[in-house]
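Asker: For reference, the chains in residue letters:
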Amino acid sequence: MLETRIRELLLDARDRCAQAGINADFNFHRERSGLIRLGNSSVALSTSEELTRLDVSVQDGRRTGAYSLNADVTSREQLDAALEQAKESCRAALPKDYDPIFCTVKEPVDESRGFDPALETLSSEAKTELCSKVIKQLKPLGHYDFSGSWSSGSTEMYLVSTANRNEAYRKLTDGRLVIVLKEQDKKWELQVERTQKAANAFTPEDIVAQFRAMLPVYEKNPGYRTQIGRQRVLFGPQAVAELASLAMWSGFNGRGWEEKRTFTANLKPGDKVFSDSVSLVDDPDNTDVFSMPFDFNGFRRRRFPVVTNGLLTALCYDSGSAAKYGRQPTGHDLGNWDLCLAPGKAGAGLAAGLKLAGNALYIPHLHYIHLPDPTQGQFTGSSRFNAMLVKDGSFAAPLVSTRVTDTIPNVLSNVVAVSSKTVPVNVSSTYDRRSPEAMSMPEYLLCDNVRINDVADGF
Amino acid sequence: MVNKTYSDARTFTEHKENLVTNTVSVVGREVRSGLERMAGSGCSFADARFYDEDRAQTLMLRDGNLEVNAGTLERGIGIRVLYKGAWGFAATGDLSQVSATFDRALTNARAAALLPGFPKTMGPAQPVQGKYEPPVKRDPFDVPLEEKLGLLKDVDTALADKSVAHRAVTATFQRRRVFYWNSEGTAIDRKALNTFGMILAMAPDKDGRMQRRSVELSSDGAGTRGYEWLSDPVCFAGHAERVKYELGQIVAAEPLPAGKRDLIILPGQGFLQVHETIGHALELDRILGYELSFAGGSHVRPEMVGTLRYGSDKLNCKAGVVPNSPGTFGYDDEGTPQHEYFLIKQGILVNVLSSRAGLAEANAKAGKTVVTRSGAAARSCAFYRTPIDRMTNINIDYGNDGSLDDIIAATSDGIIVDVPVSWSIGSNREHFHFGCEIAWEVRDGKRGKVYKNATYHGHTLEFWNSLDKVGAKPTWRLQQVPNCGKGEPNQIMELGHGIPVMRFANVLVGEKE
Chain A
5 MLETRIRELL LDARDRCAQA GINADFNFHR ERSGLIRLGN SSVALSTSEE
55 LTRLDVSVQD GRRTGAYSLN ADVTSREQLD AALEQAKESC RAALPKDYDP
105 IFCTVKEPVD ESRGFDPALE TLSSEAKTEL CSKVIKQLKP LGHYDFSGSW
155 SSGSTEMYLV STANRNEAYR KLTDGRLVIV LKEQDKKWEL QVERTQKAAN
205 AFTPEDIVAQ FRAMLPVYEK NPGYRTQIGR QRVLFGPQAV AELASLAMWS
255 GFNGRGWEEK RTFTANLKPG DKVFSDSVSL VDDPDNTDVF SMPFDFNGFR
305 RRRFPVVTNG LLTALCYDSG SAAKYGRQPT GHDLGNWDLC LAPGKAGAGL
355 AAGLKLAGNA LYIPHLHYIH LPDPTQGQFT GSSRFNAMLV KDGSFAAPLV
405 STRVTDTIPN VLSNVVAVSS KTVPVNVSST YDRRSPEAMS MPEYLLCDNV
455 RINDVADGF
Chain B
20 MVNKTYSDAR TFTEHKENLV TNTVSVVGRE VRSGLERMAG SGCSFADARF
70 YDEDRAQTLM LRDGNLEVNA GTLERGIGIR VLYKGAWGFA ATGDLSQVSA
120 TFDRALTNAR AAALLPGFPK TMGPAQPVQG KYEPPVKRDP FDVPLEEKLG
170 LLKDVDTALA DKSVAHRAVT ATFQRRRVFY WNSEGTAIDR KALNTFGMIL
220 AMAPDKDGRM QRRSVELSSD GAGTRGYEWL SDPVCFAGHA ERVKYELGQI
270 VAAEPLPAGK RDLIILPGQG FLQVHETIGH ALELDRILGY ELSFAGGSHV
320 RPEMVGTLRY GSDKLNCKAG VVPNSPGTFG YDDEGTPQHE YFLIKQGILV
370 NVLSSRAGLA EANAKAGKTV VTRSGAAARS CAFYRTPIDR MTNINIDYGN
420 DGSLDDIIAA TSDGIIVDVP VSWSIGSNRE HFHFGCEIAW EVRDGKRGKV
470 YKNATYHGHT LEFWNSLDKV GAKPTWRLQQ VPNCGKGEPN QIMELGHGIP
520 VMRFANVLVG EKE
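Residue numbers (the working numbering), protein chains in the order written: chain A, 5 to 463; chain B, 20 to 532.
Chain B with its partners taken away, still in its complex shape (with noise of 0.2 Å):
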């Protein structure tokens, strides 16, 4: 809320600015002075993460009820030290007791070193100075509740139809400001700030079974992340009637047979099929085993990198830096500057997502150098979390086979799949079923009917190598994903997807007894 006491917004904006240099300076002189600590008790490496403000407001109205009205405000500091090779962390909202928190964190990583493994080193690394804020117009919390309620009424009015069963329309806007130390000499201050939004309607079909159409606020990857980006009608408003008529034609339609097709995979789908058979696989703490109590291991090896066929000669993907996503953040969670590299080179995997401490454990567990960089993928959701290795922005490059048009008009008995329902996958990600919210016949090179009930399954190195068709620039879409789980305490974390329309030969698609 603006403090009405400030005449206009600029004057205010540089109060708080004072009030947040104050109070940085404060807790900035005490995580030095920590830090040293840190050093001279023999820790060889420590960083802390001050959390001054992680803010975030979501909005839901579900049949025309606002049933969520809530923000959240988050603040603290997270430290984390290594002891011989042992990593201790500890957390407080507390402020007074920043001095106490960097000795728990000590006493949690000599504990640690109690039991020790492959000791985790840093590596060399060159002290950064650096800032980053995302492009932003209109920041959403500075916009009125009530103008957010009028845009979010608006959707669900063009919603409302008595074709419609249920229906619900979701903004989430958050903010966040962290400043980074560590040991070396790193400063960080980092803002971020993401909108995320959803249309979604459901009826139920012929035979009772409720279907549901939606869409989530995605872009081409440029442009800006505020208010604005929400409250273009061709972002968002404007997808309701489609998101009506498409539920009306899945409600209408029969279920998808099963059977071997080609399947062709649009970006509201596609970026499910990344995520979880691309970026959570190569995932360097989960490639070594560390994950594997919860969230799983992989089927990649570290010996694999630069030689495993992981997919067709089309498949090119990449940790990208994209201006709009949630997944570019300019700094991870450990000072490394956020850069771009290739995962996979026209088909063979090339690099995995990782931070600085897993480099030397993999290029030792390969017998050979496969890793020589931090990807910049250690990324944490709050102060009082660790950083893990994430995924940032893992994008699949445009091709050369034009539009979707273009890949329909190449098919000849195929499927058109689009937005996920569901999703279970191998604990290694070595296999997967995808459930869709709708898809359509390809037959003769012509789009046909709507099919309900779309599912598909397979097994993942088999499945990314039968992508025989990249559709071009235009079809390239980076689809926001605001809810990854991992990591143990449990983890949300935000990130994109830049996607283009794929097609994949012979997918066994729809359920055969």
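So that you can see chain A by itself, here it is in the shape it has in the complex (with noise of 0.2 Å):
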């Protein structure tokens, strides 16, 4: 549980509001973060940042208002200046149509397993010290440079209302690793990440390993520029993230299902929307996620099937627009989520991916993907790290920037086999806030009739 010093002054804080009659919420959130950055094979930066912030929440009737404070919030005087700009936020706020989902803890909640007190003080040294390793390992083997990037850290989150008198905290350590590998007369780059929920969860052994797997197939082989046009592609886990993140947001988002703004518009629970073998999840319970145990309305999470066998099960409400809509709210108050796709039964290891793709691109990434028109599900992105030529099977040449533009729907109705095995996929961002994010996707999945629409003179 939270520091009692702190526990303390927010549950005071709560309870002079409920005597005030005030409608109040206290989300708090402390990080310690720490970072290296690799660039031309050194470290180029080192950081730390040690922040706490305070979101507080202030309704009346249909009036909302919201104030958050990044600085020093263990102070009571702080504290009360926030709450103070939020009730003054929400006096002066017009009144909405509907009636607003007022924040309440279910359940409560005090979730510390994710947490591994190694991962929240794993030094700069000791990252530096790996990555040293890979870089002497693996740059006298070509004209390589080593760029990249390490975050950790632990976050703490802290939820109470005046609806009641329980508590939700969560605590947890989270740490990804990203190394590039860029041949700096050919321009193509290779590339390898780790997701940590623990400071021992690989050696560099594991890294230069998966380097050296990948590395002929580029140094012996010129890019390969392929035709464009429909083609079958072998699709790696983070372009899978990719492509379900997008699924989720232009198509099962409740808001957008209302307002006709999702390609799923026409349906209805129970309907057609993807291949038979494709089954989308939202679940805390997943070990290869993070696990959000609890959203910012105080939606206690638990597993919520969104696709199941290819049949649209469930759409996403967060509180506001299950408000407006005159839904139920399904936990989804969150920026991040714990987005699971199912395991199909295709065989487990990427070379049967590459034995059922025979002849394919294989596209592990998707860089820098976005939505023409999030009507159709269309989206757009183009390849990036590790992508190569599959032919007879094997990995026979690597690929030069390969745009793919095509519908979420087409390409999830067009899937042939879905790898057995999944692994995490690391997705956090830390714009603003630390927000630990981790997918679990089938490290392949085959898709046949994918629209490759350019493809650039290189790397």
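One or more of the hints may lead you astray.
Below, a list of computed lysine-lysine pairs in the DSSO-like style, where the Cα atoms sit at most 30 Å apart [what the hints assert, rightly or not]:
#1 B:Lys181 - A:Lys272
#2 B:Lys279 - A:Lys100
#3 A:Lys272 - A:Lys100
#4 B:Lys225 - A:Lys272
#5 B:Lys465 - B:Lys263
#6 A:Lys349 - A:Lys272
#7 A:Lys91 - B:Lys172
#8 B:Lys279 - B:Lys465
#9 B:Lys492 - B:Lys156
#10 A:Lys91 - B:Lys156
#11 A:Lys276 - B:Lys531
#12 A:Lys175 - A:Lys190
#13 B:Lys384 - A:Lys264
#14 A:Lys191 - B:Lys337
#15 A:Lys91 - B:Lys337
#16 A:Lys100 - B:Lys337
#17 B:Lys384 - A:Lys190
#18 B:Lys156 - B:Lys181
Simulated DEER-style distance windows between Cβ atoms [what the hints assert, rightly or not]:
#19 A:Gln188 - B:Asp432: 41 to 49 Å
#20 B:Asn41 - A:Gln23: 32 to 40 Å
#21 B:Asp432 - A:Lys190: 35 to 43 Å
#22 A:Lys190 - B:Pro252: 55 to 63 Å
#23 A:Ala205 - B:Lys103: 28 to 36 Å
#24 B:Ala379 - A:Asn225: 52 to 60 Å
#25 B:Glu481 - A:Asp189: 19 to 27 Å
#26 A:Asn270 - B:Glu322: 39 to 47 Å
#27 A:Glu133 - B:Gly227: 30 to 38 Å
#28 A:Arg117 - B:Asp158: 19 to 27 Å
#29 B:Gly257 - A:Gln23: 16 to 24 Å
#30 B:Asn525 - A:Gly233: 20 to 28 Å
#31 B:Asp158 - A:Glu88: 38 to 46 Å
Covered by chain A, per the in silico footprint, the following chain B stretches (three or more residues, Cβ under 8 Å) [stated by the list, open to error]:
#32 50-58
#33 272-284
#34 355-362
Please keep in mind that the hints were generated in silico from the structure rather than gathered at the bench.
Just so you know, these numbers come straight off a predicted model, no measurement behind them.
Ideal Cβ positions, reconstructed from N, Cα and C, are used throughout, including at glycine.
Build the complex from these two chains, which are given one at a time in their own frames, with help from the hints.
Answerer: In structure tokens form, the structure reads like this:
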């Protein structure tokens, strides 16, 4: 549970609001973050941030106001100042034409199983040492340069509201290492990444081995420029994660569906949306993910199927959308979900995927993906790291930058095979506050009829 | 909120200034002590940025409901030290920990120095004592919330119509006061104030696809940046009727047919074209490979500066200083005075967006001197983020090809596009795909029908070399960007782009199977 001094301060604020008849909730966030950035085979930057934030929301009937403080929020003076700002915003607010759903911590939560003290304090020296070992083993093999980043740290979240006396607390550690190997003359880039829940999650040898497995194809073959048109594509886990995220946003968010802005706008639960082999679930109990046990409206999050065997199962509603459209919130007042694409029946291991693919493009990452038309689920993005031509079940050549522009429904309705093994894909963002997020994705997804609409001159 | 114990705003302002001065003098003493201590610990450079106030307010009406009514305040200090050519950074919101934060920054730098690369140096610089504040008539944070909401509600009412399915009106205000000190004796007191606004309307077309039309608060680069800008109907509220009208045209339109046509880009779209395919590509940290693991690299290499034909002779691009822009800040986050310089001159790449520590490395990699002076592009979004190479005002000079009508009259088969819907760019900024809210056909010198689902794509150098018309001064608009993302840890930065109407020859538009 949260440090006693801060907890008592927040509970005192909650109780004072409750006594004064003010509906308020307090969302405390503390991070201890450390990051090293690699650039040009060196550590270009080493940072650490110790930050506390407090979000205060006040609701008075149909009026709401909010205020956030990122400073030393562990004093009563600061906390009260934030509360006054939120109250003033609420007082002057325009009333909504529906009844907002007030934040209520539905069940007490005290979740620290994802916390590893050693990862919280993982030093820049230790990170530098591991990266040095990787670089020293690989750099002599070619004209290579290394870049990347390694972020790790701890996050605490604590939520209370005047609706009841429940408290929700979560503390966890997370880390993500990304190393990019760039061939300095030919300009191709290979990438290896690792997600951490504990300090000793991987070794330099693991990383070196993964690079070594890819290097011969890149070193021995020129970049391959594929034909524009529809092709068979073997997507890797990061690309699948991008597609799954876009599917959630442009297909299964309740507000978008209510407002006819999703590609599912004309569908209802039970309708066919994807191939039978596709099942999407938001599952905080999955061991690959970082598990967000409650949302910012106090909803206790549990397994939430969205697509089951290709059929639309349910839509996701945050409290605001649920209130506006008369639905029940589903625990999605969050920026970061625990999204999982269920494993399929195809063989485990990339080699099995290659054999199934026969001749295809292997695209493990989709860079800078965006949605030209969300109502069709149309997306566009380009290949980047580790992309290769697959010929007769083997990697044959590196792919130059290749653009995919298609629709989510088309790609996920043309699934040929889904790996029976899943891997964690770390999609954490550090915009604003530390927000660990990982997804559980099959290690490959083989799809037919994927539209390639542009091929660059180089990598 | 105005404290009512003070009889007038001026007295209160003076009181606030005194409080700030007292806090700054306390923090400043600790910082100066820390800077001296770092110098004594072997650091070749150190600096500190104290954000005494970093305030924001966001208001959003969606379909008439106030769905976002939020304020934020950030306050703290970020410290950066350069030890044996390696950077360490640390930040805290606890101002009792200034000294300890210096120590953490040094520890981080020592760790970084264990895996050294090209040693960073700051190069020579004269100490600067400076102040900057943007032109503002009315501070948005002194405007009562009721008044702001009244303005947004009026716009929302103007948008409300049975032809509009969904609508959104948004205003965001930022106010920042940053004190900067470094170990060379530089001390800067800098204020920032930004006002952003957006009007958006959506409606389904006959195929059931949701279409949108929007406008963002922009300027001609002059004027002031306060609430008076947003509340001027000519600048903001007055666009609601046009947004609604053009949305009606879009939903009745046919999709843009695929093909190769001349492409006329209005400033509302041109800013993103410049942002993604010139601005990011010319950030020196990307060029040097320090952004590869996240944002990506650049197709530009240091040795190309001075020789690369980036675009046609008509392309003149500057890092500019524009009075009314979020990309104008007086001094960057390492104290370099902002100044104007060409990035691309008559189509030739002549400079990049830089900060002090990247110059020596760029010149070494180029094997010649390609950059001589910091481009004052070291920018950080918050006290808890370290400065990185960022865009400022990346502007295209207006040309001599007349008005939009003149350019249309000179076009036999073209498309006009405005306002991005989507943007996807290759990792080295070498190719791109953009979707736009609206397109108009141009046939035989006349603007014709509207098209929906407009997209175009191309390769950066080929595209900029096809630039064949650049509009005159009246076509030039300063577009604000409130949300440029970059860096690890991630940073969102605000900046500006001054853009004229531009025409490009033979561009791939629309989606072809």
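Asker: CA of Lys465 of chain B to CA of Lys263 of chain B, is that 30 Å or under?
Answerer: holds (23 Å)
Asker: Would the hint linking Lys492 of chain B and Lys156 of chain B be met if the CA-CA limit is 30 Å?
Answerer: The hint holds at about 26 Å.
Asker: Against the range 30 to 38 Å, how does the distance between the Cβ atoms of Glu133 of chain A and Gly227 of chain B compare: consistent or not?
Answerer: Distance hint for Glu133 of chain A, Gly227 of chain B is violated at roughly 57 Å.
Asker: Quick check on a hinted range of 39 to 47 Å for Asn270 of chain A and Glu322 of chain B, using CB atoms only.
Answerer: With Cβ atoms ~55 Å apart, the hint is violated.
Asker: Take the C-alpha atoms of Lys156 of chain B and Lys181 of chain B, compute the straight-line distance between them, and say whether it is at most 30 Å.
Answerer: The hint is violated at about 38 Å.
Asker: Could one say that the CB atoms of Asp158 of chain B and Glu88 of chain A fall in the range 38 to 46 Å?
Answerer: Given a distance of about 20 Å, which is not inside 38 to 46 Å, the answer is violated.
Asker: Between Lys181 of chain B and Lys272 of chain A, does the CA-CA distance stay at or below 30 Å?
Answerer: At roughly 26 Å apart (the allowed maximum being 30 Å), Lys272 of chain A and Lys181 of chain B satisfy the hint.
Asker: Starting from Lys91 of chain A, check that the Cα of Lys156 of chain B is at most 30 Å away, please.
Answerer: holds (28 Å)
Asker: Is the gap between the beta carbons of Arg117 of chain A and Asp158 of chain B within 19 to 27 Å?
Answerer: violated (48 Å)
Asker: Take a look at whether the Cβ-Cβ distance between Glu481 of chain B and Asp189 of chain A falls inside 19 to 27 Å.
Answerer: The hinted range 19 to 27 Å holds for Glu481 of chain B and Asp189 of chain A, with Cβ atoms some 23 Å apart.
Asker: Sort out whether Lys264 of chain A lies within 30 Å of Lys384 of chain B, counting only the CA atoms.
Answerer: violated (53 Å)
Asker: Cβ-Cβ distance between Ala205 of chain A and Lys103 of chain B: within 28 to 36 Å?
Answerer: For Lys103 of chain B against Ala205 of chain A, whose Cβ atoms are near 30 Å apart, the range 28 to 36 Å holds.
Checked against the numbered hints given earlier, this structure breaks hints 2, 12, 13, 15, 16, 18, 24, 26, 27, 28, 29, 31, 32, 33 and 34; the rest are met.
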